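Asker: The lines below spell out each chain.
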Amino acid sequence: MLKKGIILLSSLLLASSALLAACSSGGTDSASHANTQNNENTQQAATAQPLTSLVKASDLSKLPEVSQKRDDTIIVGLTDPAGVFTPYFNQSGYDGNVISQLWTPLVTVDEKGLPLPNLAKSWDISKDNLTYTFHMVPGTKFSDGSPLTAEDVAFTWTLIYDKAYPGDSQIRKLNIKGGKAYTEGKAKQIDGIKVVDPQTISATLEKPNALALSILGDNVLSKAYYGKDYKFGQLDYFKNLHGSPLGNGAYKLEKFLPGQEVRMVANDHFFKGKPKTQHFIYKTAEGDAWQFIETGDTDFASFTATQENIDKLKGLGFLNILPYTPSTYGYLQVNLENEKLKDKRVRQALTYGLDRKSIYVDAAQGAGAVANIPASPIFWSYTTDGINPYNYDPEKAKKLLDEAGWVEGSDGIREKNGQKLTIHLLTSKRPETDTFIALAAENYKAIGVDLQPEIFADFNAMVAKVEGKDYDLAAFSTGMLTDPSDGIEQFVNGEIKGYNNPKVKELYEKGLSTTNIEERKKVYKELYVLLNDELPVIFTNYKKTVYAYNGRMEHVKVSPFIGLAGNLFEWSLK
Amino acid sequence: MSSFLTKRLTYMIIILLAASMMIFFLYAMTPGDFISGNLKLSPERKAELREIYGLNKPIFERYGNWLGNALHGNFGYSLAQQKPVLTLFNEYIWNSFLLAIVSTFLTWLIAVIIGVIAAYKQYSWFDTLVMVLIFAAMSLPSFFIGLYLIKIAAVDLKWLPPGGMLNTGSNATGMEYVKEVLQHMTLPVIVMTLLGLGSLTRYFRSNMIDVIQQDYIRTARAKGLKERKVLFTHALRNALLPAITLVGFELPALFGGSLIIEKIFNWPGIGQLYMQSFSLRDYPLLMGFTMLIAILSVIGTLLSDILYRIADPRVKV
Chain E
1 MLKKGIILLS SLLLASSALL AACSSGGTDS ASHANTQNNE NTQQAATAQP
51 LTSLVKASDL SKLPEVSQKR DDTIIVGLTD PAGVFTPYFN QSGYDGNVIS
101 QLWTPLVTVD EKGLPLPNLA KSWDISKDNL TYTFHMVPGT KFSDGSPLTA
151 EDVAFTWTLI YDKAYPGDSQ IRKLNIKGGK AYTEGKAKQI DGIKVVDPQT
201 ISATLEKPNA LALSILGDNV LSKAYYGKDY KFGQLDYFKN LHGSPLGNGA
251 YKLEKFLPGQ EVRMVANDHF FKGKPKTQHF IYKTAEGDAW QFIETGDTDF
301 ASFTATQENI DKLKGLGFLN ILPYTPSTYG YLQVNLENEK LKDKRVRQAL
351 TYGLDRKSIY VDAAQGAGAV ANIPASPIFW SYTTDGINPY NYDPEKAKKL
401 LDEAGWVEGS DGIREKNGQK LTIHLLTSKR PETDTFIALA AENYKAIGVD
451 LQPEIFADFN AMVAKVEGKD YDLAAFSTGM LTDPSDGIEQ FVNGEIKGYN
501 NPKVKELYEK GLSTTNIEER KKVYKELYVL LNDELPVIFT NYKKTVYAYN
551 GRMEHVKVSP FIGLAGNLFE WSLK
Chain F
1 MSSFLTKRLT YMIIILLAAS MMIFFLYAMT PGDFISGNLK LSPERKAELR
51 EIYGLNKPIF ERYGNWLGNA LHGNFGYSLA QQKPVLTLFN EYIWNSFLLA
101 IVSTFLTWLI AVIIGVIAAY KQYSWFDTLV MVLIFAAMSL PSFFIGLYLI
151 KIAAVDLKWL PPGGMLNTGS NATGMEYVKE VLQHMTLPVI VMTLLGLGSL
201 TRYFRSNMID VIQQDYIRTA RAKGLKERKV LFTHALRNAL LPAITLVGFE
251 LPALFGGSLI IEKIFNWPGI GQLYMQSFSL RDYPLLMGFT MLIAILSVIG
301 TLLSDILYRI ADPRVKV
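Residue numbers (UniProt numbering), protein chains in the order written: chain E, 1 to 574; chain F, 1 to 317.
Where chain E lies over chain F, by a calculated footprint (3+ residues, C-beta under 8 Å):
hint	region
1	19-32
2	43-56
3	270-276
If you're looking for bench data, these hints aren't it; they were derived computationally from the structure. Computed from a predicted structure; not experimentally measured. Here a beta-carbon is modelled for each residue, glycine too, at the ideal position from N, C-alpha and C.
Could you put together the complete structure from these sequences and hints?
Answerer: What follows is the structure, encoded as structure tokens:
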């Protein structure tokens, strides 16, 4: 279930659809494992790839007729919206994409992931970093014209603390004062939430959390609409409202055709003004990115940035091509409870001994980069300073294994205490898996390690096997990450079992306890150096992707962190 | 006949009950559940959600609850889609049915005609050609034919849409709507018909060959009947008889959706929905769907038995 920063694995259908990120709501979805793309984002003004690398369409006359004729509609492919169009309740990241067009949050983020005013024109954070006060733009409305006030915000936050709340919103993790008492039914309301006036609301936390601003500054549910029938502990009535959302975003829902498309129409009451293009459609397009963009049935899609794909897209002539690096990272999860992998030197040897450049960059025709820390190069916290790049070095790997006491046996496989160095690797079925397995097995054989791969077509089954600790290494990729702490979280929340480093926990907390970016940068650098040395997981790769879109579309910007939602209302067709 | 029906109905109930148990326990014991795919959740939150969704209850209790509700016609809510399972079926199943019924009809029609002619002209050039084409169609995977047709007919020649069921954003009604759907279903129907054609044609051909060697066909000819009448009235009727058994098997397939075809052509059918639900471990939907197919299979078998008895009263069932 992936939501903004969730782990998903594997883009089974890598080239499949377009989608964008965003579910800044609480979308979760185990299915989205099928498509990393969705939760990934562009990088555009950020570090690695400058905006100049946008390739403009060379020949608009090649534009297919059907798309030439479209005047007031933009169509984007989306893998599989399920129809739960209520923020905080959606189970899939795809529904999250739809929600991000139907709602606009209190606080948004810039292209570096730092907070920007939106529905909240400003905010104050108390000196102790515990109380967050939001000042909202006056006069904003939901799409039916009803006013949006602080009462609606209070209702939304309170709702998440209901004991029957079935989603994965992070608001609960913030521990608003009195939230627990409310969940347990001991309080009628949450003490930490205060409506100061119709445009001002504050929340007081029990413990500082640098993410509070963006988590609290999320979407707002109308109390008049969603709260009409609300009774504590009874949220079943929401199910009847998922199909008829009332939001405040650039677009409002016109019609949902299951398995076909989600039609949206411009919201006249959008607080930044009516969108330039009257209709926006998410077309269900599982695995059909190519044929639909070629025939002009969709206007926008994303592809892995292989040379082959880029050449083909350029060859079509009518598409603008925008490269980006998503905010995810790939890694091999290590079973740290396994005796042979407890030794840091063995993990380092397995990293030195794996030719990651050949596997993730060359074999992918350049659609990737080697990762060494749990943060994407587009993050403000990204650094290579003091980071060991673990360049492919089989000799060094052998030496480390020798030091760790693993000596070569008669068959070339290393042994220690009569046990062979056999590594049982779990991975999911993806186009690039075959290359990975072939090269990795060869690399490891060269340093005396016997690799036994097992390939899963089904994500949940693989996760269950990992949870059952029946593995040595397991290949994963994170979903879209929005804050540096997202990439670290797995090392402190018990997800990487057997890893329990008090220093990491301390630094993680420290990184969240301040909102000062410079201070946070220092903390994350220290964390990256530490994790890069200890390797509780083996960092593998960053993906590289391109967005391709109809050359008639203007004012297109795609945010690395919130996808299309940031400026969709400005997109127009020339 | 009525004691036969009572007996059959009792068996049916027992079979369905057994099927439901097998299905439920199989799904429930497959590693991973609806919550486990969400790696973002903390272990505590996972436990809370399992409580909310009732996934932490003992397996027998879960089965009991499910069965009790199902007997009252309540198949529960899909976990992923938060809609009643039956509503979801209604949204998707008729699209699958439309593809299946049209392609099944075409398959049977073409298979009968080709099969009869091929049998009549056994070992002729026509027969040989048909056999070669049939083997070719049977040995090509559906995704290959499908993608190839999309490439040629949709992307290169732009004759037909590459997928979906309607033009995107279309508000067509009436005849316009029918026309759009027909255009969109042409390619998938061609692929499905091609796929089914091979085995069925061979089946009819060999049945027909058996029948036309029978004495009564020679008698019919000897009476001076026209060859067409001999073939299509006397011979075909008897050659089709064994095919009644096949009709029963077709029933679940009509509603089951074709996963590969639906996926390739982006058709909003139940097959796609089912696969997505499986990767999510959306138990209520999986259970409901599998039960539906089980029920249809049982009914299909019963129907074909009854039809067979009507068609050929000598048959004791």
